[in-house]
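K.L.:
Assemble chain B onto chain A, guided by the hints.
There are 2 protein chains.
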Amino acid sequence: MKIGILGATGAVGRQMIDCLIERKMDVEELRLFASSSSKGKKIAFKESEIAVQEVKDNSFEGLDYVLGAVGNELSKRYWPLMQKAHAVFVDNSSAFRMDEDVPLIVPEINGEDALKHKGLIANPNCSTIITMMAVAPINRLSRIRYMYASTYQAVSGAGIKGFDELTQQIEKLRNNERFEPKVFRKQIAFNCIPEIGSYLDNGYTSEEMKMQNEGSKILHLPELKVSCTCVRVPVYRSHAISVSLVCEDKLDLKDVRKAIDGSENVEYKDDIPTQAEVSDKDIVYVGRLRKDLCNDNGISLWCCGDQIRKGAATNAVEIIEYLEKHK
Amino acid sequence: MKIGILGATGAVGRQMIDCLIERKMDVEELRLFASSSSKGKKIAFKESEIAVQEVKDNSFEGLDYVLGAVGNELSKRYWPLMQKAHAVFVDNSSAFRMDEDVPLIVPEINGEDALKHKGLIANPNCSTIITMMAVAPINRLSRIRYMYASTYQAVSGAGIKGFDELTQQIEKLRNNERFEPKVFRKQIAFNCIPEIGSYLDNGYTSEEMKMQNEGSKILHLPELKVSCTCVRVPVYRSHAISVSLVCEDKLDLKDVRKAIDGSENVEYKDDIPTQAEVSDKDIVYVGRLRKDLCNDNGISLWCCGDQIRKGAATNAVEIIEYLEKHK
Chain A
3 MKIGILGATG AVGRQMIDCL IERKMDVEEL RLFASSSSKG KKIAFKESEI AVQEVKDNSF
63 EGLDYVLGAV GNELSKRYWP LMQKAHAVFV DNSSAFRMDE DVPLIVPEIN GEDALKHKGL
123 IANPNCSTII TMMAVAPINR LSRIRYMYAS TYQAVSGAGI KGFDELTQQI EKLRNNERFE
183 PKVFRKQIAF NCIPEIGSYL DNGYTSEEMK MQNEGSKILH LPELKVSCTC VRVPVYRSHA
243 ISVSLVCEDK LDLKDVRKAI DGSENVEYKD DIPTQAEVSD KDIVYVGRLR KDLCNDNGIS
303 LWCCGDQIRK GAATNAVEII EYLEKHK
Chain B
3 MKIGILGATG AVGRQMIDCL IERKMDVEEL RLFASSSSKG KKIAFKESEI AVQEVKDNSF
63 EGLDYVLGAV GNELSKRYWP LMQKAHAVFV DNSSAFRMDE DVPLIVPEIN GEDALKHKGL
123 IANPNCSTII TMMAVAPINR LSRIRYMYAS TYQAVSGAGI KGFDELTQQI EKLRNNERFE
183 PKVFRKQIAF NCIPEIGSYL DNGYTSEEMK MQNEGSKILH LPELKVSCTC VRVPVYRSHA
243 ISVSLVCEDK LDLKDVRKAI DGSENVEYKD DIPTQAEVSD KDIVYVGRLR KDLCNDNGIS
303 LWCCGDQIRK GAATNAVEII EYLEKHK
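Top line first, the protein sequences correspond to chains A and B.
All you need for the working numbering is the position in the first sequence, starting with 1, plus 2.
All you need for the working numbering is the position in the second sequence, starting with 1, plus 2.
Extracted from the complex, chain A is given alone in its bound form (with noise of 0.2 Å):
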């Protein structure tokens, strides 16, 4: 396979470079991209080294695949340019997710969608991919009608630069210094910051929304109602979010324990799962799994999973696995 990179020095496309190797794929020839401040710099892979390249107009030509890094706008810029060279797009922005045209995949719930792609996937939202992959088993066994979501995201998943933040405030708060947020807009050292995204006109934010249409399009549930509230929590990597499902069965617990535990990527643990040790993981942790007191047919659960791999990186490389296999 001929694969190309878009953003590849970000946290996400460091990230999927890794993934290409720790998969093994059948990577015969691997390009770059990045903003021209990244130009000319030399990222390993495998035995040799890659430059770093600016987009050009045909720098897509003879690629098999391109994994997009980058944020909406760039992705719609050139996405026009891997068209033309047909090569498939990737997509990690959420700049296509909700199009009609384009699948939006998370390989162990709807993979089957991929096939009917038009040269453009979209890799979902991270909270909604970790939450969907730790909630579609339970959907499998009965519809899920609504759900409640209140998630713990890590500062990672506003890259590089929400990680020194955290990093840097405490610092100066151990030294007794003043500090101005930057990237989060109130102080996220030893806080928890109830707002990621911009807002919408009900109140919700653009991260709280994409559970309820992101989850609605990749469980293939166009009824389904979400209620979410995306927080900001001062951990590194990987995000948990508490989860309480309404389905349209009353179920027993053990044929739900029994679905997570039969399903691929998806791990229960009994002693509770936490971010700090499902990070660097490719697989979601599953835990607190119990019957909600408000509803007869309601479960609650908490999930936790390492946002910049299941979440992202890892999550799009599987997409590629799927069309190689299904192809």
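Please note that the accuracy of each hint is not assured.
No distinction is drawn between identical chains; accordingly, a pair holds when it is met within one copy or between any pair of copies.
Cut-off 20 Å, straight-line C-alpha distance, at most; resulting in silico cross-link-like pairs (SDA-like, lysine to any residue) [what the hints assert, rightly or not]:
1) Lys293 / Val248
2) Lys44 / Asp254
3) Lys256 / Leu202
4) Lys44 / Glu75
5) Lys44 / Glu56
6) Lys252 / Asp101
7) Lys43 / Val248
8) Lys58 / Lys283
9) Lys227 / Val248
10) Lys271 / Tyr201
11) Lys227 / Asp298
12) Lys260 / Asn204
13) Lys86 / Phe165
14) Lys293 / Ser200
15) Lys293 / Asn204
16) Lys188 / Lys283
17) Lys188 / Glu269
18) Lys174 / Arg187
19) Lys184 / Met27
20) Lys293 / Arg147
21) Lys188 / Tyr270
22) Lys174 / Glu279
23) Lys271 / Gly199
For the record, the hints were derived by calculation from the structure and aren't laboratory data.
P.N.:
Then chain B, alone, in the frame of chain A:
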């Protein structure tokens, strides 16, 4: 008034002393009680210094009130001595909270219940007080039927040793040294732990069931159902709670906002309220008010409060103020 404080050297006990001073309570005599290890220790109170003493059989004679800041076992052991001495016990432990004869009081919500006391009044669980302060104004508009709550609880909820464990683990990680979790069952530095309290048969923890059982008693809602997930987060002080509740009627957000604005010791923040900002304050902050997307009669919000102040010490002192005002 003649007041005793049981557990005067702990985080809550010390805060009780500060509250008595800050609120200019007319304290004629203050007796401070703690374990033998603190015996003789001097604690400043207004212009004097008070020596900490151990509890003896006649320790509570002549006192009007005893503020309890000790665990269940000690509260149970000493209550008969207070009863004999006719000192009113305002207990912060959970030993008596659900007893039918014991009022469970948040003065702003159900202060009048305190007037029926039989010598013993219970102070509710910290997260429950903070959540009830935020939702009681909504319950006055339309009765709450059920509620989903996910908490973001500070390490100082586990006392000074919880506070120290977070500091020590951050220091160890900074120096690349190994450590074993002691106070919390897993690493708390840069990690969230979805487990507070001991497990009950239904899979919920004792801390989680307090939100339902105590909430139901405080709000006079015997049918109230609460599905709660309690999570320890790497924050030093103050608890936050993500709440979604469903009422009997469909409410207008403007009316809800007006009800919150009109409530004593609750402040609505258009700029997202956070734990760091509410710390060392005696009020509860509410924000992120919006319609629940799962149910037409639902409301979602975020609230936070200082669990040592309004979640414990301040609330206990306010109970005495209420009794004094209405005697």
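K.L.:
Each hint needs a verdict: does it hold in this structure or not?
P.N.:
The hints, checked one at a time:
no., hint, in the structure
1, Lys293 / Val248, "both (10 Å within a copy, 18 Å between copies)"
2, Lys44 / Asp254, "neither (54 Å within a copy, 58 Å between copies)"
3, Lys256 / Leu202, "between (39 Å within a copy, 17 Å between copies)"
4, Lys44 / Glu75, "neither (25 Å within a copy, 64 Å between copies)"
5, Lys44 / Glu56, "within (13 Å within a copy, 70 Å between copies)"
6, Lys252 / Asp101, "neither (34 Å within a copy, 33 Å between copies)"
7, Lys43 / Val248, "neither (50 Å within a copy, 55 Å between copies)"
8, Lys58 / Lys283, "neither (35 Å within a copy, 57 Å between copies)"
9, Lys227 / Val248, "both (10 Å within a copy, 15 Å between copies)"
10, Lys271 / Tyr201, "between (35 Å within a copy, 15 Å between copies)"
11, Lys227 / Asp298, "both (18 Å within a copy, 11 Å between copies)"
12, Lys260 / Asn204, "between (38 Å within a copy, 18 Å between copies)"
13, Lys86 / Phe165, "neither (37 Å within a copy, 58 Å between copies)"
14, Lys293 / Ser200, "between (33 Å within a copy, 17 Å between copies)"
15, Lys293 / Asn204, "between (30 Å within a copy, 7 Å between copies)"
16, Lys188 / Lys283, "between (30 Å within a copy, 18 Å between copies)"
17, Lys188 / Glu269, "between (34 Å within a copy, 18 Å between copies)"
18, Lys174 / Arg187, "within (17 Å within a copy, 28 Å between copies)"
19, Lys184 / Met27, "neither (39 Å within a copy, 43 Å between copies)"
20, Lys293 / Arg147, "both (16 Å within a copy, 18 Å between copies)"
21, Lys188 / Tyr270, "between (34 Å within a copy, 17 Å between copies)"
22, Lys174 / Glu279, "between (27 Å within a copy, 17 Å between copies)"
23, Lys271 / Gly199, "between (31 Å within a copy, 18 Å between copies)"
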